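Peer 1: Put the complex together from the two separate chains, hints included.
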Amino acid sequence: MTEPQLDQQLLEPVRLSIVALLAGTEWAEFAFVRDSVQLTDSALSKRISSLSETGHVEVRKGYVGKRPRTWIRLSDAGRVALSAHIARLQQIATQAGQTTARPE
Amino acid sequence: MSVPTPEEAQHALRDVETRTQQSVDGSRSSRWWWIGGGAAVIAYGLVGEFAPGFLDDWGTTIVGLLIVLAVLSTTRWGAPLLGRRTQPRRQSASRQVRLGLIGVLGSLVLMFVLMRLDVPHLALGVSIVGGLLLAFAGPWWEHRMLARR
Chain A
1 MTEPQLDQQL LEPVRLSIVA LLAGTEWAEF AFVRDSVQLT DSALSKRISS LSETGHVEVR
61 KGYVGKRPRT WIRLSDAGRV ALSAHIARLQ QIATQAGQTT ARPE
Chain B
1 MSVPTPEEAQ HALRDVETRT QQSVDGSRSS RWWWIGGGAA VIAYGLVGEF APGFLDDWGT
61 TIVGLLIVLA VLSTTRWGAP LLGRRTQPRR QSASRQVRLG LIGVLGSLVL MFVLMRLDVP
121 HLALGVSIVG GLLLAFAGPW WEHRMLARR
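Sequence lines, in order, name chains A and B. To convert, note that position 37 of the first sequence is 37 in full-length UniProt numbering; the numbers rise steadily by one, no gaps. To convert, note that position 24 of the second sequence is 24 in full-length UniProt numbering; the numbers rise steadily by one, no gaps.
So here's chain B without its partners, still in its complex pose (with noise of 0.2 angstroms):
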C-alpha cells in the first residue's frame, strides 16, 4: 500500500473538512419550511383567538398532521416529498433525551409563569413569539445543531 505523501496527507484531510460542510448544507431544511412552520403558528394562535370554535373542531386534525409531518420528514421515503435529499446522522440516544428532557421541562416552567401572571391574550402571544423564533431562528439552529454532531 502506498503511503500519502504529508501534502497529499494535507489535501486529503482538507477535502474531508469540505465534505463534511457540504453534508451538513445538504441535511438542512429549506428555508420556507421554517418560515412556513411560523406562520402556522402565528396562524394558529391567531385562530384561537378570534375563531376559538374553530380548534375545538379541528384542533385535533391538525396536530395529528403535524406529527404525521414530522414522523415522515424522518424516514427514507418521506423526506424525498418534503423536498430533503439526506437524513442527518442521528445524535445519540442520551444525548437525545437529554436535550429533549430539557425542553419539555423549560416550556413547562415557562407556561406555568405565564399563566400564574395572568397576562391577557397569553395564547396569542406566546404563538407570534414563537412563530417568529421559528421563522428566523429555525434555520440558525438547525446549522448549529448539524456543525456540531
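Excised from the complex, chain A in its bound form (with noise of 0.2 angstroms):
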C-alpha cells in the first residue's frame, strides 16, 4: 500500500485553508472565498491562480444580471490531493502522539 503524500502546494497554510473551504462545496463564489479566509482580493487571486496553473482548483468567470461573478470549484485532482495531504497529516500528529505518549 502506497503511503500518502503530501501535496507541496498545499504546505501554504491560507492555500490549504481555501482548498479545504471549496472541499465541501459544488462551487463557491469568490466572494464567498474571500470572506471565509480574510484576505484581499489581490491576495485571493494570486492563490487561486497559483492553484489553478497546478490544477487543484478550476475557475469559471459569468454574470449574473449585470454584475461580473467568479465561481470557484475544487477539481477532481484537487479533492485527491487533498484527501491524501489530511491523510498525510494525521499520520504525522498520530505519530507523534504514540511517540510522546510511549513508556521510557
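For the record, the hints were derived by calculation from the structure and aren't laboratory data. These numbers come from a predicted model, not from an experiment. Every residue gets a Cβ at the ideal spot worked out from N, C-alpha and C, and that includes glycine. A few of these clues could be false.
[Claimed, not checked] Here are some chain B residues the structure puts well away from chain A; computed CB gaps all over 12 angstroms:
id : residue
1  : V24
2  : G26
3  : T61
4  : W77
5  : A79
6  : L81
7  : H121
8  : V129
9  : L132
10 : L146
[To be verified] If we take Cβ atoms under 8 angstroms as the criterion, some of the chain A residues that face chain B in the derived model are:
id : residue
11 : L6
12 : L11
13 : L21
14 : G24
15 : E29
16 : A31
17 : V64
18 : W71
19 : Q90
20 : I92
Peer 2: See below:
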C-alpha cells in the first residue's frame, strides 16, 4: 500500500484553507472564499491563480444579471490531493502522539 | 519538500476542520426561505379549503413556479439570485435515489392511511403540519444533511 503524500501547494496554510473550504462545495463564489479566509481580492487572486496552474481548482467567470461573478471549484485532482495531504498530516500528528505517549 | 512538525500538522488539521464547518455554514439557506416556504404551504392549504376555485385556476401555475425556483436554486446563476454564495457538494447518486425513494414511499403510505381514515379538513391539517415542520425543522434538517456529506 502506498503512503499518502503531502502536496507541495497545500503546505502553505492559506492555500490549504482555501482548498479545504472548497472541498465541501460543488462551487463557491469568489467573495465567499475571500470573506471566509479573510484575504484581500488581490491576495486571493494570486493564490487562486497558483492553485489553478497546478490543476487544484477550476475558475469560471460569468454574470448574474449585469454583475460579473467569479466561481471557484475544487477539481477532482485537487480533491484527491487534499485527501492524501490530510491523511499524511493525520499520520504525522498520530505518530507524534504515539512517540510522546511511549513509556521510558 | 519540508515536512511539517507534529504541532504544525495538528494545527493544519484543526484549520481544515474549521474550514469544513465554514463551508457547511455557507451552504445553508437563509432561515427566512424556510419560514417563507412553510407559510406558503399553509397558505396553499387555507386557499384550498376556503377558495378551492382559485387553486383550480392557479394551482398548476403555482406548482410550476415552485419547480422553476427549485431548479434555479441548483444552478450557479440562479443560486446567487436566491441569496446563496455556494452550492453544496452533491451526494452520490445512489444515496440521492435511495433518499428520494424513501421520501416518496413514505409520503404515499401516509397519504393512503390518512385518506382511509376519512379525516375532515385533511388537506388543511396536512398543510398546517407540513408548513410548520418546514419552517421549524427545515433549517435543522438542512444542517444535518450538509454536515453528513
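Peer 1: Taking the hints in turn, state whether each one holds.
Peer 2: Here's how the hints hold up against the structure:
no. : hint : verdict
1   : V24  : 6 angstroms, violated
2   : G26  : 6 angstroms, violated
3   : T61  : 24 angstroms, holds
4   : W77  : 6 angstroms, violated
5   : A79  : 9 angstroms, violated
6   : L81  : 7 angstroms, violated
7   : H121 : 42 angstroms, holds
8   : V129 : 32 angstroms, holds
9   : L132 : 30 angstroms, holds
10  : L146 : 8 angstroms, violated
11  : L6   : 6 angstroms, holds
12  : L11  : 7 angstroms, holds
13  : L21  : 4 angstroms, holds
14  : G24  : 3 angstroms, holds
15  : E29  : 4 angstroms, holds
16  : A31  : 7 angstroms, holds
17  : V64  : 5 angstroms, holds
18  : W71  : 6 angstroms, holds
19  : Q90  : 7 angstroms, holds
20  : I92  : 4 angstroms, holds
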